[in-house]
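Chemist: The listed protein sequences correspond, in order, to chains P and B. With my numbering, letter number 36 in the first sequence gets 36, and the count goes up by one each step, no holes. With my numbering, letter number 76 in the second sequence gets 76, and the count goes up by one each step, no holes.
Don't take each hint at face value.
Unchecked claim - Short derived list, chain P residues pointing at chain B, Cβ under 8 angstroms:
hint : residue
1    : L39
2    : L345
3    : L357
Stated by the list, open to error - Taking CB as the label site, the calculated pair distances span:
hint : chain 1 : residue 1 : chain 2 : residue 2 : range
4    : P       : F248      : B       : A197      : 50 to 58 angstroms
5    : P       : L346      : B       : M191      : 24 to 32 angstroms
6    : P       : G257      : B       : P203      : 48 to 56 angstroms
7    : P       : D244      : B       : A180      : 52 to 60 angstroms
8    : B       : A197      : P       : D342      : 18 to 26 angstroms
9    : P       : A335      : B       : L87       : 52 to 60 angstroms
10   : P       : R238      : B       : Q127      : 49 to 57 angstroms
11   : B       : P203      : P       : F248      : 56 to 64 angstroms
12   : B       : N188      : P       : A300      : 42 to 50 angstroms
13   : P       : Y54       : B       : N188      : 28 to 36 angstroms
14   : P       : A304      : B       : A197      : 44 to 52 angstroms
15   : B       : P203      : P       : A304      : 46 to 54 angstroms
16   : B       : L173      : P       : D320      : 55 to 63 angstroms
17   : B       : Q127      : P       : R362      : 52 to 60 angstroms
To be verified - According to the in silico footprint, chain P covers these stretches of chain B (three or more CB under 8 angstroms from chain P):
hint : segment
18   : 54-64
19   : 68-75
20   : 103-111
21   : 120-126
22   : 129-140
Simulated from the structure, these hints should not be mistaken for lab results. Virtual Cβ for every residue (Gly too), placed ideally from N, Cα, C.
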Amino acid sequence: MSDARGWLLALLLLAPAAAAQDLAEWQQRYSEAQRRTALANEAFKNLGNEKRTYDGAVRDGELVVSFVTGEISARDTAAIARGLARANATLRARYGEAGLALTAGGVWTVDQYARFDRTVLDRVQFQRADDWQNRQVMRSPIDPAEVEGMVLARVGDRLVATTPSLTHYGAWAAFQPDDRLYAEVARRLATSWAGVGRRCASGAIGACATVLTPFDAAAEPTRYFDASDFRFVVASARLPALGDSSYFAARRQCVDGKDSVCAVIIGQVPLPDPFNSSVRGTLLTHAIELGGNDAVRRAAESRALPPLEALAQIAGVSSDSLLASWHARVYDALAEERATTDFPLLFSSVAWGGLFLLVATRRRFL
Amino acid sequence: MFGQILYTQLKWSRSALAFMSIVAFALPAGLWRALHGSYYRSFSALEVLSGFSALGFMLAMLAFLTGFVLVAQAWQVDATARHVYPLSLPIPWSRYVALRFGAGAVLLVVPAIALWLGCLLVLALIQLPETLNAYPTTLALRFLLGSLVGYAVVFAVQYLSAKKAAHVFAAALLAFAVFAVTAEVTGNQAMVNRFFAILFEWPGPLAVFGSEWMLIDV
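Isolated chain P, as found in the complex:
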């Protein structure tokens, strides 16, 4: 086809589109689009207000997952049932009746998970009845292990909710210890912007106690931060309202590296918590690991104790032993993570290299 013919064909194809730019037609289409938008908005609003009737349920002991019949496949409901049964069996085997008691009130609803950018409905969303913000999306077909993990996370939350001294400890992993989480804590301590974290990483158990007790925003800055850390604290703090020009001048000097100025104005900025509840939560996880069968029962007896003492009681050891054991656990997890990658990687890479060589020599070339 010549170039001229090609251009002619292209123009012919574009002709209907050009005709659509007629003003009257365009206005009509615009009005139609507005009407459809209004209808869609109305439908969306009604969708939000619609009361869904969860007429189906999977139960195991105290645990209940409700769903709308026909929305969740039979395969997924069977997987949910297996997950709930596994969670109950795990809790009974590890912590006895005290562990099972923590499942009380464990109610979820499960819906299909729809998003506008997805064309296929292949996920479901669990919503906890006692915490509307707590939602978990799972891929369908559902893996029972994921359901079990969801239940154990809720059981951890319940333990903390019923033990006031532990409310600052992230509990989602309390009943499902994970070496990756411990290794991550080791990394966070070593790279912490707070001196107390770095000292804990170096093995100072007293510093670890500070890291792992609930954060006190009213404490002296030196409880958490070294003088060399003040610059980062000041630089990351929210700026005060306009008008405090002397603070702004001092802040500029501090950020530029004058540590003596930082030491003066550190008292004027709110202290940030250098660690989060998940880091502290690993101490709870470890205490439950150490405590074994009696951990949950002892947790119920430690409600009036200060945090570290309560955790020590759960673990069944002294506070110092618990902290030292936690430190060892964290760094063992990191060492284990390294060991499991280095040597297998060496052997697998050499093996793959040999396999590719073998393949390359198979061809009788030339």
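Starting from the structure of chain P, add chain B where the hints point.
Modeler: Below, chain B alone, put in the same frame as chain P:
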């Protein structure tokens, strides 16, 4: 015989090998200099880690490229002479291929050693916070393994498909693109993730590229 093959391999690819080795040697110190501007003040642990955060990715790319270049250069020289050299040798083709593979694999040690020395150099220049450790030997070993795997993959494709190697690579990339787009459109992104997991997670063939390449870590 192996000595002769090694000699030809070295002769044909010495320029590229020298270039790769210089890049591997200079990369750690150069990257630090580019990001932090100075070697001589003390840095926090986070600053040190962020200074080297891109190093692993760049080294992984360089490792694969090193393997690729060593295969491509040797093949190119052989192909230009219409493979007269291997045909003139009193050994079967499969043995020649094995010797050629071995010669290239031995030379991969050179940029790995250059990298190791470059790592030692930058570690001598900067002051490490006491909570961090340096792993120059592990990183150099990972680089060696990465270049070996990259070399082996490219070598297998080149010596199996001969003149059509470029077409095979292009077809593989095209097939992957079609697969990824189809999976995305049909809502099966998990298949793409699984495919990457098979390739890049242990014991997959490219697992070494999926692991962490850290000069400095906790």
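Chemist: Compare the structure with each hint and give your call.
Modeler: Each hint, compared with the structure:
| no. | hint | result |
| --- | --- | --- |
| 1 | L39 | violated (27 angstroms) |
| 2 | L345 | holds (6 angstroms) |
| 3 | L357 | holds (5 angstroms) |
| 4 | P:F248 / B:A197: 50 to 58 angstroms | holds (51 angstroms) |
| 5 | P:L346 / B:M191: 24 to 32 angstroms | holds (30 angstroms) |
| 6 | P:G257 / B:P203: 48 to 56 angstroms | holds (49 angstroms) |
| 7 | P:D244 / B:A180: 52 to 60 angstroms | holds (54 angstroms) |
| 8 | B:A197 / P:D342: 18 to 26 angstroms | holds (20 angstroms) |
| 9 | P:A335 / B:L87: 52 to 60 angstroms | holds (54 angstroms) |
| 10 | P:R238 / B:Q127: 49 to 57 angstroms | violated (32 angstroms) |
| 11 | B:P203 / P:F248: 56 to 64 angstroms | holds (57 angstroms) |
| 12 | B:N188 / P:A300: 42 to 50 angstroms | holds (47 angstroms) |
| 13 | P:Y54 / B:N188: 28 to 36 angstroms | holds (29 angstroms) |
| 14 | P:A304 / B:A197: 44 to 52 angstroms | holds (49 angstroms) |
| 15 | B:P203 / P:A304: 46 to 54 angstroms | holds (52 angstroms) |
| 16 | B:L173 / P:D320: 55 to 63 angstroms | holds (59 angstroms) |
| 17 | B:Q127 / P:R362: 52 to 60 angstroms | holds (53 angstroms) |
| 18 | 54-64 | violated (count 0) |
| 19 | 68-75 | violated (count 0) |
| 20 | 103-111 | violated (count 1) |
| 21 | 120-126 | violated (count 0) |
| 22 | 129-140 | holds (count 5) |
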